[in-house]
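Novice: Letter by letter, the chains look like this.
2 protein chains.
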Amino acid sequence: MNVRDIGEFGLIARFTSRVAKGAGVEVGIGDDAAATKPAEGALLLSTSDMLVEGIHFDLDTCDPVTLGRKSLSVNLSDIAAMGGEPRHFLLSMAIPPSVSVEFLDDFMYGMLGRAEQFEVSLIGGDTCASSGGLVISITVIGEQFPEKIIRRSGARPGDIICVTGTLGDSALGLEMLKAGERGGPATQKHLDPFPRVREGMALADARIPSAMIDISDGLLADLGHILECSASGARVEWDKIPLSPFFLEKCGPFSDHTMSLALAGGEDYELLFTAPPSRKNEIFQLFASLDTPVAVVGEVTAGSKLSLLAADGGEYDIVKRGFNHFS
Amino acid sequence: MNVRDIGEFGLIARFTSRVAKGAGVEVGIGDDAAATKPAEGALLLSTSDMLVEGIHFDLDTCDPVTLGRKSLSVNLSDIAAMGGEPRHFLLSMAIPPSVSVEFLDDFMYGMLGRAEQFEVSLIGGDTCASSGGLVISITVIGEQFPEKIIRRSGARPGDIICVTGTLGDSALGLEMLKAGERGGPATQKHLDPFPRVREGMALADARIPSAMIDISDGLLADLGHILECSASGARVEWDKIPLSPFFLEKCGPFSDHTMSLALAGGEDYELLFTAPPSRKNEIFQLFASLDTPVAVVGEVTAGSKLSLLAADGGEYDIVKRGFNHFS
Chain A
1 MNVRDIGEFG LIARFTSRVA KGAGVEVGIG DDAAATKPAE GALLLSTSDM LVEGIHFDLD
61 TCDPVTLGRK SLSVNLSDIA AMGGEPRHFL LSMAIPPSVS VEFLDDFMYG MLGRAEQFEV
121 SLIGGDTCAS SGGLVISITV IGEQFPEKII RRSGARPGDI ICVTGTLGDS ALGLEMLKAG
181 ERGGPATQKH LDPFPRVREG MALADARIPS AMIDISDGLL ADLGHILECS ASGARVEWDK
241 IPLSPFFLEK CGPFSDHTMS LALAGGEDYE LLFTAPPSRK NEIFQLFASL DTPVAVVGEV
301 TAGSKLSLLA ADGGEYDIVK RGFNHFS
Chain B
1 MNVRDIGEFG LIARFTSRVA KGAGVEVGIG DDAAATKPAE GALLLSTSDM LVEGIHFDLD
61 TCDPVTLGRK SLSVNLSDIA AMGGEPRHFL LSMAIPPSVS VEFLDDFMYG MLGRAEQFEV
121 SLIGGDTCAS SGGLVISITV IGEQFPEKII RRSGARPGDI ICVTGTLGDS ALGLEMLKAG
181 ERGGPATQKH LDPFPRVREG MALADARIPS AMIDISDGLL ADLGHILECS ASGARVEWDK
241 IPLSPFFLEK CGPFSDHTMS LALAGGEDYE LLFTAPPSRK NEIFQLFASL DTPVAVVGEV
301 TAGSKLSLLA ADGGEYDIVK RGFNHFS
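Note that the protein sequences, when read in sequence, are chains A and B. Numbering-wise, my numbering puts 101 at position 101 of the first sequence, and it's gapless, one number per residue. Numbering-wise, my numbering puts 80 at position 80 of the second sequence, and it's gapless, one number per residue.
Calculated from the structure, these hints are not laboratory results. A couple of the hints might just be wrong.
Which copy? The list can't say, so a pair holds if one copy fits it or any two copies do.
[Claimed, not checked] Lysine-lysine pairs mimicking DSSO-like chemistry, simulated, CA-CA at most 30 angstroms apart:
no.: 1; residue 1: Lys240; residue 2: Lys305
no.: 2; residue 1: Lys21; residue 2: Lys250
no.: 3; residue 1: Lys178; residue 2: Lys148
no.: 4; residue 1: Lys178; residue 2: Lys305
no.: 5; residue 1: Lys21; residue 2: Lys280
no.: 6; residue 1: Lys178; residue 2: Lys21
no.: 7; residue 1: Lys37; residue 2: Lys240
no.: 8; residue 1: Lys280; residue 2: Lys305
no.: 9; residue 1: Lys178; residue 2: Lys250
no.: 10; residue 1: Lys240; residue 2: Lys250
no.: 11; residue 1: Lys280; residue 2: Lys178
no.: 12; residue 1: Lys21; residue 2: Lys148
no.: 13; residue 1: Lys148; residue 2: Lys240
no.: 14; residue 1: Lys305; residue 2: Lys37
Treat the numbers as computed from the prediction; the structure is a model and nothing was measured.
With these hints in hand, go ahead and build the complete structure from the sequences.
Specialist: See below:
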């Protein structure tokens, strides 16, 4: 069945019938705007991310269920990076006439499933025809009390630099997909990242990070954003970068290619944060309780230089090696 | 100069430099999410609208300044239809490589100019490449106290039906643009609608409307939405529909074409509301003070039928005449 067969209102009705009215929703889908009740004293967090067919995804290499999940996940990751609690979201889509209703059903199944995992509810949006490919635009609205919000600008010299999970898997997964390989944890991580919302909120509640960002452009680029906003430099130690067994097996422990994927590949959707060194034990305890890996990969320094150090203390030339997206 | 020449971060920096930090903005553009402070006791209103090149606009017939204005205006109109005050917005764009930086400068000039008129501030969004045409996705966040929010569902039999401004001009303007004609109030209304935010808020403050919607799909279709949500019918009188002198001169006072443009043309972005008949004088006084035309075009009835009456009391066959988009 084609989208044209059921029309815009038919499609909206089809989607809406599956949407449970979430907490704090006074007016949901079906009016000119949604009305929601913010928690008293909290600030509103809002973020938008757009996913474009042919740029961010390829319908040949992704299935609609995981595409639906990922579209929401990358937005949730931005709220996580502020230490916020995601609450509601709006979904707008430009849909080419070739897309089937079954595709959209699966897409919504994936997206609403992820939404349920995080108790986030769909409150509105827009659907229209596309003259090009499929375009997905999501706005997530979250909240957090002002004193708990974690910005990019608070890193101070001497702070330790931490990352969750492992890096490079998503970029490796994308390479594998392009080469026609599917299955395995790397392609999985690329197609279906899991946003670190729980971790971001736990960090915010404990008021541990001095600065935080989610890694979407690669560790060096996103650390670069923190350093720029915090007017600081950093030393990152290559042999402390957390890599998965699968990644190491596929890429080997050391090569320009390995480093490029891990440090500049992007789409990791892990959290990168800085914290005073006095909080180090607390960080490890917190992440042990969450059952999420965390690693200290370096230190914030005075000045503005970002150095990448080898195990023997030597320094890699970031610019020469071509992973200086951060500059 | 091309978008590729300055890159995504260059483009964001270029836009951001022109954005004044608005009221209630704690964290603006440049972090993972924006943080804003909602008014105490108010509900949050949020709405998203997407505009797609080749579907909603054509770069041959619209200039970037008015396109920027319209993109924001159609979203503001949705907040107006709830009786809300728009506060902040997020802008996401998928941009084809052929689009010049100058085009985007003009687009932002138009959009930020309109934003300033309504004291609405840009707090975030996303820019990315497009594999097809230009896609603009906007989310506007507004607020209103719960007791003042106007929904679609409150119309009651006996209520009068009112519309602001005049109808059909935008649809006529679109026809003229397609025929290569430019200039004049109709094309102006189509390309550059002015959202009735002030009127919506004044109605909400006076708690006059029992139901309200903005006319984007045509009077009959949008009245149909109110009637469906309110489980009511309506009688609309054709000779009470407000038409502009220009529209009447171009289309003549009566024809199927005239009626179709005025009742089902769409993109009027006027407010359509219902109210108890006892509030009629107050409505006229309010709109006189706002210097905005308002007209009573019919009455809400029991049942579910939407009738369109001629001056002699006869009834037009809405279905047969093909303007039954509302069904």
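Novice: Work down the list of hints and note, for each, if the structure agrees.
Specialist: Each hint, compared with the structure:
1. Lys240 to Lys305: Answer is within; shortest intra-copy Cα gap is 19 angstroms, inter-copy 71 angstroms.
2. Lys21 to Lys250: neither (45 angstroms within a copy, 47 angstroms between copies)
3. Lys178 to Lys148: Cα proximity of Lys178 and Lys148: none, with 41 angstroms in one copy and 54 angstroms across.
4. Lys178 to Lys305: Classified as neither: same-chain Cα gap 35 angstroms, cross-chain 56 angstroms, threshold 30 angstroms.
5. Lys21 to Lys280: So Lys21 and Lys280 fail the 30 angstroms test inside a copy (41 angstroms) and across (36 angstroms) alike.
6. Lys178 to Lys21: Neither way: Lys178 and Lys21 sit 40 angstroms apart in one copy and 42 angstroms across, limit 30 angstroms.
7. Lys37 to Lys240: For Lys37 and Lys240, neither the intra-copy (44 angstroms) nor the inter-copy (39 angstroms) Cα distance is at most 30 angstroms.
8. Lys280 to Lys305: Classified as within: same-chain Cα gap 24 angstroms, cross-chain 69 angstroms, threshold 30 angstroms.
9. Lys178 to Lys250: This pair counts as within: shortest intra-copy Cα distance 15 angstroms, inter-copy 57 angstroms.
10. Lys240 to Lys250: Within one copy, since 19 angstroms is at most 30 angstroms while 74 angstroms is not.
11. Lys280 to Lys178: The answer is neither: 39 angstroms in one copy and 66 angstroms across copies each exceed 30 angstroms.
12. Lys21 to Lys148: Answer is both: 28 angstroms inside a copy and 21 angstroms across each meet the 30 angstroms cutoff.
13. Lys148 to Lys240: Answer is within: at 28 angstroms inside a copy they meet the 30 angstroms cutoff, but 56 angstroms across does not.
14. Lys305 to Lys37: neither (44 angstroms within a copy, 35 angstroms between copies)
Of the hints listed earlier, those the structure fails to meet are numbers 2, 3, 4, 5, 6, 7, 11, 14, in rising order.
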